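Student: Starting from the structure of chain A, add chain B where the hints point.
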Amino acid sequence: MASSQVVKVLIVDDDNFTRRIYKTMLFRFCFEITEVEDGKNAIQQFVDGNEYDLVLMDKHMPNMDGVEATRTLRGMGIPVKIVAITDDASSKDTFMDAGANKFLLKPLTFSMLTDILKSFNFLN
Amino acid sequence: MNSQDLQNLQLIQIALERIRNVERPLSVSSVSPFINNSTILSSCGVLCLNPTQESINQEGNTQREKAMDVNMLQRTYSDLLTSLFREGILNQQFTELQQLQDENNPGFVYEVVSLFFEDAGRLINELISNFNQQAVDYKKIDAYVHQLKGSSASIGAEKIRSVCQTFREYYDKNDIQGCYNCIQPLNQEFVTFKSKLEALFTLEQQIVAAGGSIPMMRH
Numbered sequence: 001m002a003s004s005q006v007v008k009v010l011i012v013d014d015d016n017f018t019r020r021i022y023k024t025m026l027f028r029f030c031f032e033i034t035e036v037e038d039g040k041n042a043i044q045q046f047v048d049g050n051e052y053d054l055v056l057m058d059k060h061m062p063n064m065d066g067v068e069a070t071r072t073l074r075g076m077g078i079p080v081k082i083v084a085i086t087d088d089a090s091s092k093d094t095f096m097d098a099g100a101n102k103f104l105l106k107p108l109t110f111s112m113l114t115d116i117l118k119s120f121n122f123l124n
Numbered sequence: 001m002n003s004q005d006l007q008n009l010q011l012i013q014i015a016l017e018r019i020r021n022v023e024r025p026l027s028v029s030s031v032s033p034f035i036n037n038s039t040i041l042s043s044c045g046v047l048c049l050n051p052t053q054e055s056i057n058q059e060g061n062t063q064r065e066k067a068m069d070v071n072m073l074q075r076t077y078s079d080l081l082t083s084l085f086r087e088g089i090l091n092q093q094f095t096e097l098q099q100l101q102d103e104n105n106p107g108f109v110y111e112v113v114s115l116f117f118e119d120a121g122r123l124i125n126e127l128i129s130n131f132n133q134q135a136v137d138y139k140k141i142d143a144y145v146h147q148l149k150g151s152s153a154s155i156g157a158e159k160i161r162s163v164c165q166t167f168r169e170y171y172d173k174n175d176i177q178g179c180y181n182c183i184q185p186l187n188q189e190f191v192t193f194k195s196k197l198e199a200l201f202t203l204e205q206q207i208v209a210a211g212g213s214i215p216m217m218r219h
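If you read the sequences in order, they're chains A and B. Heads up: the first sequence begins at 1 in the working numbering, then just goes up one per residue. Heads up: the second sequence begins at 1 in the working numbering, then just goes up one per residue.
Next up, chain A with everything else stripped away, as it sits in the complex (with noise of 0.2 angstroms):
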């Protein structure tokens, strides 16, 4: 786990819509939350030094793609857990293969969110 007790998340999605519903959900457990709109932003959350628990990662985006930001992660050797979350059913493959935890389709709900924090044992 990242340094501090609290539970770090990274938000990637380059929809401020569905960003502000993960928010939501996810200021019920009180987590520090961090968003951004692309993969190539998400890859630089790193290499300034920042540390995170979860990634929510989307796949379609501008810049970099969640696929390729996934795999650039894994390669950097970031052991982070990363959660695909996308709708887009025929990358679930391609997703695990670049090194995602987990996989989901969207829309995401409360209780998938919940099932997943509670598999990574962040629900303490």
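Hint data in this document are derived by calculation from the structure and do not stem from the laboratory. Being a predicted model, the structure only gives us computed values, none of them experimental. No false leads were slipped in.
Only pairs whose alpha carbons sit at most 20 angstroms apart, straight line, appear in this in silico SDA-like list of lysine to any residue:
#, chain 1, residue 1, chain 2, residue 2
1, B, K140, A, N16
2, B, K173, A, D88
3, A, K23, B, N105
4, A, K118, A, F103
5, B, K194, B, L115
6, B, K159, B, H146
7, B, K66, B, I214
8, B, K139, A, D38
9, B, K140, A, H60
10, A, K23, B, E111
11, B, K159, A, L105
12, B, K140, A, N63
13, A, K8, A, V36
14, B, K159, A, F17
15, A, K23, B, Q98
16, B, K173, A, D87
17, A, K23, B, N104
18, A, K40, A, H60
19, A, K23, B, G107
20, A, K92, B, H146
21, A, K40, B, Q147
22, B, K159, A, D87
23, A, K81, A, Q45
24, A, K40, B, A143
25, B, K140, A, D15
26, A, K23, B, P106
27, B, K140, A, M64
28, A, K23, A, M112
29, B, K140, A, D87
30, B, K194, B, E126
31, B, K139, A, N63
32, A, K23, A, I116
33, A, K102, A, R71
Here are some, though not all, of the chain A residues that point toward chain B, as calculated from beta-carbon distances under 7 angstroms:
#, residue
34, D87
35, K106
36, T109
The beta carbon of each residue, even a glycine, is placed where N, CA and C say it ideally should be.
Tutor: Showing chain B alone in chain A's frame:
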């Protein structure tokens, strides 16, 4: 029967006439011009109220009217919301959003739906504008529709999401005419969605202003 008894009887008859002609309990003040004997009044079934009780009674009537207003508004709200689900305009995802609304996020649903109105309105305008150009950039159009499909799915705007899905199926088959034929229905579904959700939010505001709470629906 002496003349006094006769007079009392006449007064009682007048009082009873007043009672028959009004719906709420009479107060002393309304019948006292005729009878000021509380025993006689009581025997006529007239409530003997002191001025404080009378104002409490009037306040009770006002509160009853208010409660009826709130109930009516809540019923109208529930009926409208039910119809939105029944007509397929909304799906279960909208209920998910409602459940995210709490005392820490009191205006959450209104906020995200307003955001959707803005985003979707802009995307649809871009779509229409792009289709009207001489050289149509279908890749850009597909990107817009993809974005609209995602946000409509996130908010539970089922009909909008469905038209977007149909568009993408035509796009994948390189059926440009099919894509084009989706634009007008997409715009229409958005206009319908916006007007119905605006009506829903107006009702919410009225319910809250009347002191009621928003009914939660289970679908």
